[in-house]
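Engineer: Letter by letter, the chains look like this.
There are 4 protein chains.
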Amino acid sequence: MIKAAIIGAISYAGGELLRLLTAHEQVIVTHIADSYSIGEDIKKVFPYLFAYEGYKVEEPDIDYILADSDVVFTAMPHGKAVEVAVKAAAQGKKFIDIAADFRFRDAAVYEDWYNVKHDAPQLTASAVYGLPEIYREKIATSSVVGNPGCYPTASILSLYPLVKNHFVEQGSIIIDAKSGVSGAGRKPTENNSFSQCAESLKAYGVATHRHTPEIEQALSDVDGVKHVINFTPHLIPMSRGILATAYATLKQQMSAEELWELYKETYAKEAFVHVHDLGVWPQTKWVSGSNFCHIGLTYDKRTGRAVICSAIDNLVKGAAGQAIQNMNILFGLPEGMALTMTPTFP
Amino acid sequence: MIKAAIIGAISYAGGELLRLLTAHEQVIVTHIADSYSIGEDIKKVFPYLFAYEGYKVEEPDIDYILADSDVVFTAMPHGKAVEVAVKAAAQGKKFIDIAADFRFRDAAVYEDWYNVKHDAPQLTASAVYGLPEIYREKIATSSVVGNPGCYPTASILSLYPLVKNHFVEQGSIIIDAKSGVSGAGRKPTENNSFSQCAESLKAYGVATHRHTPEIEQALSDVDGVKHVINFTPHLIPMSRGILATAYATLKQQMSAEELWELYKETYAKEAFVHVHDLGVWPQTKWVSGSNFCHIGLTYDKRTGRAVICSAIDNLVKGAAGQAIQNMNILFGLPEGMALTMTPTFP
Amino acid sequence: MIKAAIIGAISYAGGELLRLLTAHEQVIVTHIADSYSIGEDIKKVFPYLFAYEGYKVEEPDIDYILADSDVVFTAMPHGKAVEVAVKAAAQGKKFIDIAADFRFRDAAVYEDWYNVKHDAPQLTASAVYGLPEIYREKIATSSVVGNPGCYPTASILSLYPLVKNHFVEQGSIIIDAKSGVSGAGRKPTENNSFSQCAESLKAYGVATHRHTPEIEQALSDVDGVKHVINFTPHLIPMSRGILATAYATLKQQMSAEELWELYKETYAKEAFVHVHDLGVWPQTKWVSGSNFCHIGLTYDKRTGRAVICSAIDNLVKGAAGQAIQNMNILFGLPEGMALTMTPTFP
Amino acid sequence: MIKAAIIGAISYAGGELLRLLTAHEQVIVTHIADSYSIGEDIKKVFPYLFAYEGYKVEEPDIDYILADSDVVFTAMPHGKAVEVAVKAAAQGKKFIDIAADFRFRDAAVYEDWYNVKHDAPQLTASAVYGLPEIYREKIATSSVVGNPGCYPTASILSLYPLVKNHFVEQGSIIIDAKSGVSGAGRKPTENNSFSQCAESLKAYGVATHRHTPEIEQALSDVDGVKHVINFTPHLIPMSRGILATAYATLKQQMSAEELWELYKETYAKEAFVHVHDLGVWPQTKWVSGSNFCHIGLTYDKRTGRAVICSAIDNLVKGAAGQAIQNMNILFGLPEGMALTMTPTFP
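Chains as they are written, first to last, in our numbering: chain A, 1 to 346; chain B, 1 to 346; chain C, 1 to 346; chain D, 1 to 346.
Take these hints with a grain of salt, some might be off.
Because identical chains cannot be distinguished in the list, a pair is counted as satisfied if it fits within a single copy or across any two copies.
Computed list of lysine-lysine pairs in DSBU-like fashion (alpha-carbon distance at most 35 Å, straight line) [as the list claims (entries may be wrong)]:
1. Lys264 x Lys87
2. Lys80 x Lys264
3. Lys226 x Lys301
4. Lys301 x Lys187
5. Lys226 x Lys43
6. Lys301 x Lys87
7. Lys251 x Lys80
8. Lys164 x Lys301
9. Lys301 x Lys251
10. Lys226 x Lys56
11. Lys264 x Lys117
12. Lys164 x Lys187
13. Lys269 x Lys43
14. Lys251 x Lys87
15. Lys269 x Lys117
16. Lys226 x Lys3
17. Lys301 x Lys3
18. Lys3 x Lys251
These aren't lab readings, by the way, just hints derived from the structure by calculation.
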């Protein structure tokens, strides 16, 4: 059995990790830690998580936790996971950060967008970006994984087949993304209060959101071209789900059918990416609670642009589910272990 | 007192017109007609509309209705309002269509996108597009008004200052729009059922939505350039509200402050358009129940694009409110009469 | 013009008061005060309230505020409004408390349920409970009004005709009430966070909620019988609206029609209470944004109980609207001034 | 492997059955039938159900379906499942009806409340009511199961420990229940349209709802006393979930702690019923997607009533999950097989 610890567990991503791990037959959770709610019963914090009867929230004592863990998941404030990663690496333990500390190979980009000093730039340079559909081989031989952001997961998967095949005109990418409110975190703020969000809709972080360089890094990795994009997130009155609507001008005309073929081929062997038939546009609820990414697409002859919609559950494929997918790869397990649940609809 | 009739009243737009007219001191409603629910009490169909105690839904007998009406509002299936307009014009009555029959000067464009034959192409050629912020003078001297679509209202207002000043690079406009479910109409379908929509989000009509040519017509009117755009509507789990997020590459660099100045100046005298300070992004709920359009914007130096968000209530500024605004102009009344209500929040 | 001040304005009830007062032609707002957000522009705190351009949030300097106000509305933490009331009374100013400090004639009951010492028990003993449908005459000659709670407003109106006519068997009343999340206040907490509330439902404060004695006081006032009730509030995933479902065993059999007649007669002259036809059960959205109370009812012959549903907008008839209704009465204005808006649906 | 067929599959309950069966290692689905959408691919009707790639909706040809099925689930209009049950019984196949045709031992009660003639009264008299927590032994030896209604499941479980121990004063039970909109079915109607339901709340079927006699039958079974209850359902703006708030006057005073002990003991061995600590009131979202029933309770000394809240997912424990639980019992499998999923929150 793999011994897994979670630091920063009292978050939506942490709770989701705990939920998904109840179904993982190769994992036992050894520590549930956070700097909040220390000492409280898990069943008090998450009253729907019976499987953790007897567990309490521990303080994030890194050495103590690493001592009997094979893998540590972190979901901590920016900059805080670095120390955990350094110690995990020193002890040969696997490490998966669900926050942003290990998503950027170039620590300077991270420091620039996050306004935090990175204390282990070499480690982030050697970490792998945990998007299995693109970086699977690297993940398999790595120990430090920067789990992708929720928006980047949906965004990169929406454009990967086009970028990989060098079809996209440089500078033409616009990603208009929409997220449920759980993406704003578990801590109550005016921004995620029910009466502020319900029956409403807004953009935020326009032209400044920190997921922008993360998407650019991955797309540029794919085709070696420097991509500078517009990325606009919006807050939607629902708890879960992300839809990324991506626009890209193609270098040459193609039919919608050709575009669809390209996506079907690219993702033919991917268990978690589903390309819908032409004319079908995925709803976020079609992936709710699951690790799937659904894609719908067309080519607009009038404008020469491909339009692609990509739907994920931000807490699963966009966070905890993908983290488990990465863990499975790190440990040589079947990649989909504990991740085959059918989405819940309606 | 102005005698007003509504044909197609048993719709969300019709109900909203009835609501707003309860506050209009110069109007009395003479007929409430539809091809549904004929003979039923209004209070049974709309149990919150006490002001229409005693009114019943009448059948749409055009001659009978025109006989004692000064103005007729129509919200009918595509193609059906034409007969009403022709008769109203013949009798010198004012006519405002809340559907699409009189939005296109070129009936061929209408026929192409709506798959309906237009029975009075000359009349639509001479009708005025009822967006007061652009066509106010023409409306004042007109008798046949094609009230704009909900998406086009938000979309055109989001780009008007840029287009008017010839700042937009041709072919660069993308409008990613989001609407509440009331935009899908009052008739129950799988598409607007609660359990299908709640906690979910999807795009629809991608690259094919009929509001596309309507937006293009208005923008092309403004600067004389042929605009071909990408327009992508999305269905949001809320009843009311539209947010249009518009992207346009500018011909020259400008600061966000300059962009903001341009919008402030352009809309300085517009009572219903409010440009928020830089950094403030409007929520649809800030305009709920009101005739306002809220705008937030920035310029992204990294990509050379302006990003503008425009929020309206789809049933008010996007339909019934704007129709009353047009009626006020047609009759020489203060433009904001019955439209000064403060939005309801939260 | 009546000069009105609001202390505790940066709340949902305060914002609603500001919204409704924009439509009141006899009132000008002189002060908007709170202990939060002091010095901030109102348009920053409430970006949809343009009518207060130029206003800032003032600190709650009672003497300064009273100096140029004819009436003061308070929406402050428990116990805090007492000082304002004492000073207002001393200066002959009208005073309306939207919180609970002046709802109980017996300060001991208040102190018992609210765990706060009441600093002016004589004043609360002489204050009037501001439910116009029952206490109209007393309000007209009063200066200190305790504006009813949201749940009590809906609950008392649901039972008043039965209690008044001595039809209710003592001890049989159960009120199962449901409220939108705005009732939980504007301050962000886990309890009112979107992702905690959306797609969910729960009871709270069962058998302990502080609106219980308030309902009991009013019902006991009506028929002189000591009513002890079960009151169970529930949190519903919507922003606005309260539905109270009341159950009462009747002393004698009656037909549903007779019950309906009783309610129709009792409320025949009440502009804000609407009794629906038998078989029609009011939705909260039918009263959204308005000062109306809608009632639906039946008599269950199998059990001998009347079942009555009463719907209000918790922020209007349940708070700010009723406060204005009380103000209108205090100043001898038409009771419905600024309160005749048609509800917004859908 | 157990061969299972579903007739009436193109419903929310049917879709949920299909979802849950994807996780059942002892079942293979042989037929998916309905009188709608015949011939369509399952993936077109339920685009999130990949596991049924290749399946099509079949017409409900009973003999053909029974031929290669060990168990048939029906979710058909009232009266329609009787023929299936008769034929299944004749062929020795197991039969589980998710609708109401086999919930009443007395066909006359069924006919009275449902206005349908029952074509096999003897069969319904011998069928077992599929609430395992009460009827487990009978189910184990039965072949025809009437799966309980969603409201009755939550309601009966909320009162069972009290009734079983003869603590409830006859005639005192009131159940005020609240359901998400999926309970109103998958067929689009005005009643389940998004814009009618969102941000709103209403009672319906007051004193007339057909789940009333079903609850009464089960409670009367338990203690041999004839229970006549008030049952009031409400429609809540959420897709899934039921909360039943039950009130019962107890024959004798007891402390909340004693009440809690009674419930803990009664349900001590029930894997799917969870009694929360005193002071904790369950949210429906705590059971979302799962087969659990959560209970919270108190005793109100002021009124002598117990107040109990019971939360289930209406489509799982209230329909498809309980049907699988019954199937597991019928076939001698572990009762929780395929039903151990952790709820999805938030």
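Engineer: If a hint holds in the structure, say so; if it doesn't, say that too.
Structural biologist: How the hints compare with the structure:
1. Lys264 x Lys87: Neither way: lysine 264 and lysine 87 sit 42 Å apart in one copy and 45 Å across, limit 35 Å.
2. Lys80 x Lys264: The answer is neither: 40 Å in one copy and 43 Å across copies each exceed 35 Å.
3. Lys226 x Lys301: both (26 Å within a copy, 16 Å between copies)
4. Lys301 x Lys187: between (45 Å within a copy, 33 Å between copies)
5. Lys226 x Lys43: Answer is neither: 48 Å inside a copy and 39 Å across each miss the 35 Å cutoff.
6. Lys301 x Lys87: For lysine 301 and lysine 87, neither the intra-copy (54 Å) nor the inter-copy (40 Å) Cα distance is at most 35 Å.
7. Lys251 x Lys80: neither (43 Å within a copy, 43 Å between copies)
8. Lys164 x Lys301: Classified as both: same-chain Cα gap 21 Å, cross-chain 27 Å, threshold 35 Å.
9. Lys301 x Lys251: both (12 Å within a copy, 24 Å between copies)
10. Lys226 x Lys56: Classified as neither: same-chain Cα gap 47 Å, cross-chain 47 Å, threshold 35 Å.
11. Lys264 x Lys117: neither (41 Å within a copy, 39 Å between copies)
12. Lys164 x Lys187: neither (38 Å within a copy, 43 Å between copies)
13. Lys269 x Lys43: Intra 39 Å, inter 19 Å, cutoff 35 Å: inter-copy only.
14. Lys251 x Lys87: neither (47 Å within a copy, 52 Å between copies)
15. Lys269 x Lys117: neither (39 Å within a copy, 48 Å between copies)
16. Lys226 x Lys3: Close neither inside one copy (40 Å) nor across copies (55 Å); limit 35 Å.
17. Lys301 x Lys3: This pair counts as neither: shortest intra-copy Cα distance 53 Å, inter-copy 48 Å.
18. Lys3 x Lys251: For lysine 3 and lysine 251, neither the intra-copy (49 Å) nor the inter-copy (53 Å) Cα distance is at most 35 Å.
Hint check: violations occur at hints 1, 2, 5, 6, 7, 10, 11, 12, 14, 15, 16, 17 and 18; the rest are consistent with the structure.
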